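J.: All chains, please: the whole structure from these sequences, using the hints.
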Amino acid sequence: MQRLALFDPLYRLENKKTTDHSGRPIDYYSLGLLTLLFFFENMLVRNHKTGVRELARFLQTINQGELDLDDRGFEKLARDIIEVFRPPSGKRNARNFYNWETRSPDTVYYTILKADRFDTRTNSQYYSLDEDGLELVFATREYFSEFQVSINQLLLRKQLERGQFWGALRQIDEMRIAVESLQERITRMRHEIQRNIVSEQIYQRYRDTVEEIHLRLSREDREFEELQAFVRETRERLSYERRTAKDQQTYELVIRIDAELSQVHHQHGLLLRESIEMKTTALQAAQESLYYAGIDSFNFQKEIGDRLLSTPLPLTAARQLLKPFLFLERKQTWSLLTVFAPQRLEGRRQAERNAEFLELLDEQQVMQEHQKLRQNYQYIAELILDSIGEENQTTLQEVVQYCRAHGYEQVLESRHFYEFWILLHQRAPLELRQIESEELAGLLGGVREVFSQRAAKVTVREKDPVLEVTDRYTIKDMELTLEAEGNVL
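Each residue of the sequence shown is one higher than the last, beginning at 60 in our numbering.
Don't read these hints as lab results, they were simulated from the structure.
Mixed in with the good hints there might be a few duds.
To be verified - 16 Å max Cα-Cα, derived EDC-like pairs, lysine to aspartate or glutamate:
1. Lys535 to Glu457
2. Lys76 to Asp139
3. Lys522 to Glu457
4. Lys75 to Asp86
5. Lys516 to Glu490
6. Lys217 to Glu282
7. Lys173 to Glu142
8. Lys173 to Glu190
9. Lys522 to Asp536
10. Lys338 to Glu270
11. Lys173 to Glu194
12. Lys75 to Glu142
13. Lys217 to Glu190
14. Lys108 to Asp175
15. Lys173 to Asp189
16. Lys516 to Glu542
17. Lys535 to Glu478
18. Lys535 to Glu521
19. Lys522 to Glu538
20. Lys535 to Asp523
21. Lys135 to Asp86
22. Lys135 to Asp79
23. Lys382 to Glu362
24. Lys338 to Glu271
25. Lys108 to Asp178
26. Lys135 to Glu113
27. Lys516 to Glu450
28. Lys217 to Asp189
29. Lys338 to Asp267
30. Lys76 to Asp86
31. Lys75 to Asp139
Claimed, not checked - What follows is a list of derived Cβ distance ranges for each label pair:
32. Asp67 to Glu292: 34 to 42 Å
33. Arg294 to Glu538: 45 to 53 Å
34. Ala288 to Arg116: 29 to 37 Å
35. Val104 to Ala288: 16 to 24 Å
36. Arg281 to Arg378: 56 to 64 Å
37. Ser148 to Glu125: 28 to 36 Å
38. Ser321 to Glu190: 23 to 31 Å
Remember, it's a predicted structure, so these values are computed and weren't measured experimentally.
Just so it is clear, CB atoms sit at the ideal spot from N, CA and C, and this is done for glycine as well.
T.: Written as structure tokens, this is what we have:
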């Protein structure tokens, strides 16, 4: 009786006898179904600002001259429909009946629309579908067959939130049937696209339909992901609450729901990929076949050649007949926009270009490069020792200040100065007497000679401030410490 009572508002709308300004009767029953669809679609896209004015604009948009009503008339129409679904007194809809089970009068209560939000700025009350409203939409899903999966998703979420896991399993079975019927519909539409597109108007209609299906499947896929995340959270929560046999049975039900929901989601994902393929390949192939069908049906000799040669036409008429087949006038000119095109900037003194391949450096050149690096690193180490003086610790910032104060700015412009600090930081703590690698001994040999006069180990640590040494180089500050045999100097 509860589900049968949900149809009472639609019957009350059907019994309304109201006409528009032209005297034509208003079909409140179908407008009530459209109102359910309006609130349901906004619920799917999570738009909570749905009230009397929004419903009136929706009805006015789909009217297209069927009803002779002005803006106030559509607003009154929307208000009448909402008041039937949600009485203005605030009381819930009720249905009195005789219960033959209990042998006594009984009453069922239901709410189609519920108050959602209130906008104090515009003094507007917004509404949304209540659980009974969703049940009514579900009961009338034959009218909204394309939204069966979305309806099942909303009802499944409600059942999971209430802990009705057996009902959730039945809902997943119905969802699987809806996905299979949608699969048949998409397959049938693919065949219709290949067979029925014979004009540009039909192609546009099928393209809009495919686009609508793809958008709906994308929205349903996102809802599937949210449902699976909700089920997994419930499964994880129940895994820590298995104390009784009932808890164990509930946990097993949730595991089963998770598995079956994943299967339905996989089937739905295949539909989404098929809709993408139909949107790209099938429609493109149909458009190409429409193009080539037009080419095959056009006979140039008969339509143009015979007409032009057999019938003497005035020069103006002949020119108009041939004009679609002639090229447009072509003229090459320099465009002012070319000054904004990407240009290659080169210096006045261009280096000589060599078309030969780069050759590897020979062993002697490599040794020369290493020797140069060794000398540069040794020179930088001597500068650091000079800046330290009698201390055992310094920072990169202090070394930079020392170089600027004593006329060594050219060192700060060299890349080797920063590579030296980075190399020390990577190798730190650096045992000067244990440098055995040939590469390190070659590069840091001079550094070892300089630092070993005062220390046995060098430690480098990063510090917080970032130093902008020059316009070209930025490096994080570092702290360098010289240590003797296990002790700081």
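J.: Hinted pair, alpha-carbon criterion (16 Å max): Lys75, Glu142. Please report holds or violated.
T.: Satisfied, since the Cα-Cα distance of roughly 13 Å is no more than 16 Å.
J.: Can the suggested window of 29 to 37 Å be confirmed for the beta-carbon pair Ala288 and Arg116?
T.: Since the Cβ atoms of Ala288 and Arg116 sit about 35 Å apart, the hinted range of 29 to 37 Å holds.
J.: Does Asp178 lie within 16 Å of Lys108 when you go C-alpha to C-alpha?
T.: Holds, at about 9 Å.
J.: Return holds or violated for the Cβ distance of Asp67 and Glu292 against the range 34 to 42 Å.
T.: Holds, at about 38 Å.
J.: Next pair to validate is Lys535 with Glu457; report whether the Cα-Cα distance is within 16 Å.
T.: Roughly 13 Å between the alpha carbons, so the hint for Lys535 and Glu457 holds.
J.: Assess, step by step, whether the Cα of Lys135 is no farther than 16 Å from the Cα of Asp79, and give holds or violated.
T.: holds (11 Å)
J.: Would you check the hint for Lys535 and Glu478, treating anything up to 16 Å between C-alpha atoms as holding?
T.: The given pair, whose Cα atoms are some 12 Å apart, holds under the 16 Å limit.
J.: Given the proposed pairing of Lys173 with Glu194, does the C-alpha separation stay at or below 16 Å?
T.: With Cα atoms ~14 Å apart, Lys173 and Glu194 stay inside 16 Å; holds.
J.: Does Glu282 sit within 16 Å of Lys217, going by the straight-line distance between their CA atoms?
T.: Distance ~13 Å between Lys217 and Glu282 Cα, so the pair holds.
J.: Need the status of pair Lys173, Asp189: alpha-carbon distance at most 16 Å?
T.: Holds - the C-alpha atoms of Asp189 and Lys173 are around 6 Å apart, at most 16 Å.
J.: Do the alpha carbons of Lys522 and Glu457 lie within 16 Å of each other, as the hint requires?
T.: holds (13 Å)
J.: Is it true that the CA of Lys535 sits at most 16 Å from the CA of Asp523?
T.: holds (7 Å)
Taken one by one, the earlier hints all hold for this structure without exception.
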